[in-house]
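Undergrad: The chain contents come next:
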Amino acid sequence: MRLLNKITLNLLAISLFVFLIGMVAFYFMLRQQVDQNINLELKKREISLNKEFDAAHTSAKPSVNLSDTIIITRIFHPRANEQFSDTLLFNQETNQYEIYRQLGFVKKIQNNDYYIQIFKALEETDRLIIRIVILMNLLIILIILTLIIVNRHSSRQDWKVFYDTISKIKHYDVNSHEDFALQHSDIKEFEDLNRVLVSMTERIKSDYLNLKEYIENASHEIQTPLAIINSKMELLLQSGDMKEKQYKTVADAYEASNRLSRLNKTLILLAKIENRQFPESKPVNPSIMINHQLESLEDLIHSKKIKVVKRMDNEITVPMNPYLAEILLVNLIKNALRHNIVGGELNIELTKEHLRIANSGAPLQFDPKILFKRFHTSSTTPESLGLGLSIVEKICTMYGFIINYSYQNSMHVMKVDFHKT
Amino acid sequence: MKILIVEDEKPLSDSMVEYLAEEGHMCEAVYNYFDAVEKIGLYQYDCIVVDINLPDGNGLDLIRFIKKQAITLGIIIISALNSLENRIEGLEIGADNYLTKPFHLAELNAHLKSINRRISYGGNNQIIMNEIRLIPDEHKVFVHDQEIILTKKEYELLLFFISNKNKVITKAGLAEYLWGEYMDLADSYDFIYTHIKNLRRKLLKQGCEDYIKTIYGLGYKFELN
Numbered sequence: 001m002r003l004l005n006k007i008t009l010n011l012l013a014i015s016l017f018v019f020l021i022g023m024v025a026f027y028f029m030l031r032q033q034v035d036q037n038i039n040l041e042l043k044k045r046e047i048s049l050n051k052e053f054d055a056a057h058t059s060a061k062p063s064v065n066l067s068d069t070i071i072i073t074r075i076f077h078p079r080a081n082e083q084f085s086d087t088l089l090f091n092q093e094t095n096q097y098e099i100y101r102q103l104g105f106v107k108k109i110q111n112n113d114y115y116i117q118i119f120k121a122l123e124e125t126d127r128l129i130i131r132i133v134i135l136m137n138l139l140i141i142l143i144i145l146t147l148i149i150v151n152r153h154s155s156r157q158d159w160k161v162f163y164d165t166i167s168k169i170k171h172y173d174v175n176s177h178e179d180f181a182l183q184h185s186d187i188k189e190f191e192d193l194n195r196v197l198v199s200m201t202e203r204i205k206s207d208y209l210n211l212k213e214y215i216e217n218a219s220h221e222i223q224t225p226l227a228i229i230n231s232k233m234e235l236l237l238q239s240g241d242m243k244e245k246q247y248k249t250v251a252d253a254y255e256a257s258n259r260l261s262r263l264n265k266t267l268i269l270l271a272k273i274e275n276r277q278f279p280e281s282k283p284v285n286p287s288i289m290i291n292h293q294l295e296s297l298e299d300l301i302h303s304k305k306i307k308v309v310k311r312m313d314n315e316i317t318v319p320m321n322p323y324l325a326e327i328l329l330v331n332l333i334k335n336a337l338r339h340n341i342v343g344g345e346l347n348i349e350l351t352k353e354h355l356r357i358a359n360s361g362a363p364l365q366f367d368p369k370i371l372f373k374r375f376h377t378s379s380t381t382p383e384s385l386g387l388g389l390s391i392v393e394k395i396c397t398m399y400g401f402i403i404n405y406s407y408q409n410s411m412h413v414m415k416v417d418f419h420k421t
Numbered sequence: 001m002k003i004l005i006v007e008d009e010k011p012l013s014d015s016m017v018e019y020l021a022e023e024g025h026m027c028e029a030v031y032n033y034f035d036a037v038e039k040i041g042l043y044q045y046d047c048i049v050v051d052i053n054l055p056d057g058n059g060l061d062l063i064r065f066i067k068k069q070a071i072t073l074g075i076i077i078i079s080a081l082n083s084l085e086n087r088i089e090g091l092e093i094g095a096d097n098y099l100t101k102p103f104h105l106a107e108l109n110a111h112l113k114s115i116n117r118r119i120s121y122g123g124n125n126q127i128i129m130n131e132i133r134l135i136p137d138e139h140k141v142f143v144h145d146q147e148i149i150l151t152k153k154e155y156e157l158l159l160f161f162i163s164n165k166n167k168v169i170t171k172a173g174l175a176e177y178l179w180g181e182y183m184d185l186a187d188s189y190d191f192i193y194t195h196i197k198n199l200r201r202k203l204l205k206q207g208c209e210d211y212i213k214t215i216y217g218l219g220y221k222f223e224l225n
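Protein sequences appear in the order of chains A and B.
Its first residue numbered 1, the first sequence is counted upward by one per residue in this note's numbering.
Its first residue numbered 1, the second sequence is counted upward by one per residue in this note's numbering.
Next comes chain B alone, as it looks inside the complex:
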C-alpha cells in the first residue's frame, strides 16, 4: 500500500515510516501542507496519514482538498488536539479514523490494514494466515475450516494480532485498542490476560498452532514463521 505521511514532527514521521515500511508499505513523508498538496497532485496514494496542525496549514483543509479533487484514498487523522468537535469534524469531512497523539504504532498499523482490506477487496475479503481464516465483515474465524466462536473482544484481539504479526505488541497498546483511551487501565492487563488465555485455548482446541508468544513484562507477539 502506498502511504503519504503528513506530519511536521520529523522524528515522529520517521518512526511511522520505519514501522510501516517493515510491514511492506511504501511510505513517503512530507512535513508541511504545501508539499502534501503537491504530492497528492502528482502521485497516487492508497492512504494518507495527516496531522491537523501543520506549520503552513490545517490538516482538515487538506482532507477537504482531497475530497474536492474526488481522489479516493483512506484517510487517518493524527492530532494532539483531542477535542470532540475536531474528531467529529474530521470524520464528517471524510476521514476514516482519528488517532490522538500519543498513539501506538501498532494501532495505526491495524487501522491502515483495515483500510487496505476495504480498498483492496471492497470489503469482500478474508484474511488467511496459515490455518487461520478470518472474515472481517462477518466477524467469523475458521481454523482448519472449522468455525470457532469468539467473543467480540477475542475477535478484536485476534484481528489486532494478525494485523501486527511478528511484532511485539505491548499490553498498553492492546488495552487502549480494546478499551479506548479514557479507561482507567487498572486491571486492564488482567482483562487482557484473561482474553488471551481464552483465545489461545479456543485456537489450540481446533488444532491451531500456538502463535501467541508471551514476552515477559512487556506484552505479546503473534509469531508466524
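The following block holds chain A by itself, in its conformation from the complex:
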C-alpha cells in the first residue's frame, strides 16, 4: 500500500470515528438543551396558569388564552407535584399520535385537589434538531473530504520527488552515460535521501570507471611486451638450426602467446563496445556484407558440403557502425558454419524486422542461456576463445537489437530483431 493512501485512510478512519461519537454526543446535548428550554417555558405557563386559577376565584374573567390543551383531573390522593415528562397525544386533525412535553402539577381549588397537565408540542423542535444534526453532518463531511483531497494533492506533489527517485534508481545503469540527476524537494527527508543516493551512485560509478580504466590500461600495456615475445619467437622459428623437439617447444609457446594476444585484443574490443567508442553510424546493407562473407568462406562451405539457402531483402539497410556490423555478421556466420554438420544446411533470412541465421546440428548439450557468456566454449579446441557470441550480444545490446537462440527442426536458430523494444 502506498504511504499516501495509508495516511489518507488512517485520517479518514479516525475522523469518521471521532465525528460519529461527536455527532451522538452533540445530538443528546442539543436534545437536553432544547428540553430544558421547553421545561422552562412550561414552567412559566404553570406560573401563569396558577395565577389565572387564583384569579378565577377573585375575578370573573380569565384574560389568558388557553388554546393549548389543558387536562384538569380531580385527584383524591396526594401525588408528586411538578412532573416533566414526554408523552404521546392523539391529534384529531392529523389523525395520528404526536409527541408532546408535558408538565403535570397539583392545584388546590376550593379545597379540592386537581391534577393539571399542560403540554407543549415537541414535533417542531424535534424536526429542528434533526435538521441541525443533518446540516452539521453534511458540513463536517464536507470539511473532512476537502481536507483529505487537499492533503492528498499537496502530499502527492511532495511525494512526486520520492517516486521520481525510486524510478531513477530502478533504471540506474552504471554503464549508462547519462547523469544521475534527481529532482529537488523542499522536504528534508527526501532531500537527504537524494543527497545520499547521488553521492552513493557517484562513488559506485567512479569505482567502476577506475576499475575499467585500470583494465583497459593493463590490456594496452600488455600489447607491447606481447608484440616483443611474438616477434622474438617468430625469429627463433626462422633460425633453421633447431631440433624437432625444440621446434615443438617453441611452437607451443608461440601458440600460447598468440592466443593471449588474440584474447587481449578481443577483450579490448569488448570493452570498447561497452564504452560506446564506436559512435559513428551509417546505413549498412547487411545483405552485401553477408554475400561478401559467404564468398570468402566458400571454400569451407564446399569442403563441408553445406547447402546455403538465402532469403534476403537486398534493399534493407540498418543504421550501424560498419565495422561492428561486419564483426557481428562474421561471427554469426562463422558460428553457424563451425557448428554445422557435413552435408548440413545454412539458412539466412533477412527482412526489415530481423536477421535469422539457422544451421543444422545436434541439440545443445547445455543450457542455451550460457551461450552468450564469456569464455563459454562447447568445443575443446584451444583456438576458440569463446568470445564470439559474447561480442555478438554486446553489439546487439548496444544497438538495442534483441538476439535470441532457439532450436527448431534440428536447426540452431540465431535471430536478431532489429526493432527496439
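Do not take every clue at face value.
Unchecked claim - Only part of the chain B face toward chain A is listed, based on derived beta-carbon distances under 8 Å:
#	residue
1	Phe65
2	His104
3	Leu150
4	Tyr155
5	Lys165
6	Lys167
7	Gly217
By construction, these hints were calculated from the structure, which means they are not laboratory data.
No residue lacks a Cβ here, since even glycine has one placed at the ideal position from N, Cα and C.
Based on the hints, put chain B in the right spot on chain A.
TA: Chain B only, in chain A's frame:
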C-alpha cells in the same frame, strides 16, 4: 628497399630489423620522434614503419611531417592503440597500413612487399617465382604460362607465401592475415588446411613443383631453393 623503423621498444625494433634484413631490406632503426625527423631529413627511404606512441612525440605527427615535406614513401603504422579513430586517422593522413600490436612479422613483411611492388613498378608488376607468375593487380596466377583459377582466399594465401618465401609461416599468422583479428579462430586452422590442400592440388595439377611444406604442429613453409 630502404626502411626506417621508428619504434621505441628496442627489442621489438630489433626483431623487425632482423626479420626484414633477412629479406634483403636495408633497415635503420630509431627510437624516438626527434631522431626520426632528423633521419627523414637527411636520407631517403622507401618505406617507414612507425609506432604511434613515441616517448617524445606522436607517430601521426611524424606522418603529417612527411606529407608536408612532400616526401613519397610507404608508411606502415604499428600501434598498441587499436581504436578505430586512430586507424582511420592514420589511414586518412596517408598511411598505407595499420597493424595492431602484437602483429606477425610475416604480415608486416607481406605488407612491405606489396608497398615495394607498388613503389618499384607503379603497380604494373608481376611476381615471377620459378614456374609461377603472379599478377597482383589482376589477381591472376600462371604456372608454366597456364592460368590457374584460384579462389580469393587461395590467391591471398599464395601471395602471402611468396612474400614470405623460405620462412616458417605459422598457422596463427596465416589465420589472422586471412580472416582479420576479431575472428574467433576456432576451426580457422581447419579452414587453412582446406585452403592449402586446394591450392597445392591446383598448383600440382599444372605441373608446379610442390613448394609448400608442412611443418608439423607449427605451420608451413614455401620452400624455394
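Undergrad: Would you mind marking each hint as holding or not holding in the structure?
TA: Going down the list of hints, with the structure as the test:
no.: 1; hint: Phe65; in the structure: 24 Å, violated
no.: 2; hint: His104; in the structure: 7 Å, holds
no.: 3; hint: Leu150; in the structure: 10 Å, violated
no.: 4; hint: Tyr155; in the structure: 11 Å, violated
no.: 5; hint: Lys165; in the structure: 12 Å, violated
no.: 6; hint: Lys167; in the structure: 6 Å, holds
no.: 7; hint: Gly217; in the structure: 5 Å, holds
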